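Colleague: Listed here are the chains, written in short residue letters.
Number of protein chains: 2
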Amino acid sequence: MKQNIYDNATFFKNYTALRASGINYNNFVEQPAIKSIISSLKGKSVLDLGCGDGHFSKYCIENGAESVIGVDISNNMIDRAKRINKDNHIEFLCMPMEDLKLSNQKFDLIISSLSIHYVEDYAELVRKINRLLKTNGEFIFSTEHPIVTARKGNNHWIKTKEGHKLHWAFDNYQEEGMREHDWYVDGVVVYHRTISTLINTLIESGLVLDEIIEPQSTSAGLKQMPKLINEKRRPSFIIIKSKKQN
Amino acid sequence: MKQNIYDNATFFKNYTALRASGINYNNFVEQPAIKSIISSLKGKSVLDLGCGDGHFSKYCIENGAESVIGVDISNNMIDRAKRINKDNHIEFLCMPMEDLKLSNQKFDLIISSLSIHYVEDYAELVRKINRLLKTNGEFIFSTEHPIVTARKGNNHWIKTKEGHKLHWAFDNYQEEGMREHDWYVDGVVVYHRTISTLINTLIESGLVLDEIIEPQSTSAGLKQMPKLINEKRRPSFIIIKSKKQN
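Going down the list, the sequences are from chains A and B. Be aware that the first sequence starts at 429, since it is given in our numbering, and climbs by one per residue. Be aware that the second sequence starts at 429, since it is given in our numbering, and climbs by one per residue.
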């Protein structure tokens, strides 16, 4: 069963308010990093997996991409995408990315921003992505960092009574699989995978690893969201870029 | 200044006793993994960086390598290597691996077992290794895992009063550089580097990433050293294999 938390009304309302505020981890940590690692968008055909409200699909078109297909499991998200990020060069599809069938299309760039941690069968997805890439095509994705997803349970900053963060609690690293955590609603499910699984699976599928980023906050982020200084202490995200050489 | 802890008498005595016992992390966690990732030794010319007492150099010859150069900073270690692992096909050199100059030689395989965390300038070492590799040559090394080296200070398992391990304390990830810890003697220095630095530096030098292992204990290890079960909770080591394609 694929969880579709973004169609939960409570979650969706809180999540869209967070994103609309502009004051969040996406804007200050993850998005600047994933955008910086894209070689070029000029004239590219792009597949955006877990496109959400389509902001990144739109960004690709605004920066020279020729066409984008945005895919998301959530009706709420795709409805919103069609409203606020409509564009003649973007096609939005509502379905789990795992179920995608595009037998006659290949892409220059496949991106996925903070969605792949929701996917249970990573190896199968990577094989599909490899098939959907043109030669020299790039696959770039961001995901929750294994250092963050490893330990079971919530509340991993260990704090003094006064709330001072002592250290990050780390555990359960080699036990891959489901992790539930609370984020606006109880029991949001993500899948923990080790760093070796994230990387070796790409290489086994035939992709070539190109670069990894473990991003920190931008300086604007540190001013507007001082707690982002903690990204120096433990990274929330990892961004992995690979390419298809033949 | 390059620290040469293995020429400290107290350290050397304790370390050689630990290795001689056979009951250690090397034998049960790191060595089985690094040996498993070598494609083939048959007929290969090998450079063993941080060869210590030469056991791994000897292993390479016993498993078909044609020649090995073993390099170590420690006189104690090289003396011992020449005594206990002498072989006509092995040449042992006493010098810091950073100072190695072998302008007319190239190798099929460069290995380094748990030594590179002692090296301050990783990027410079990787460039040198790339120059010393033949086309299709492999570079395989193990190092302390960034998850283990990240936090400053000692004693990172947080325990109850009864000694039960609650979790591993993690911190300071993005602050690369020196870490001092106590291991038989005070102030053993290793260098913490992030996972992205470990990997991107290889790729930037022109090497192609081939595989990563974050090893767990062998079953023999779990029987003889029950605490190795904790390798499931947080990995002590990471092993990285890359190759030179042109």
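Keep in mind the hints are simulated off the structure, nothing from the lab. Hints may contain errors.
[To be verified] Quick look at which bits of chain A chain B covers, simulated, 3 or more residues with Cβ under 8 Å:
no., segment
1, 450-459
2, 481-491
3, 558-569
4, 590-597
5, 630-638
Since the structure is predicted, the reported quantities are computational estimates derived from the model, not experimental observations. Each residue gets a CB set at the ideal place from its N, CA and C atoms; glycine is no exception.
Colleague: Hint numbers the structure violates, sorted upward?
Modeller: 1, 2 and 3
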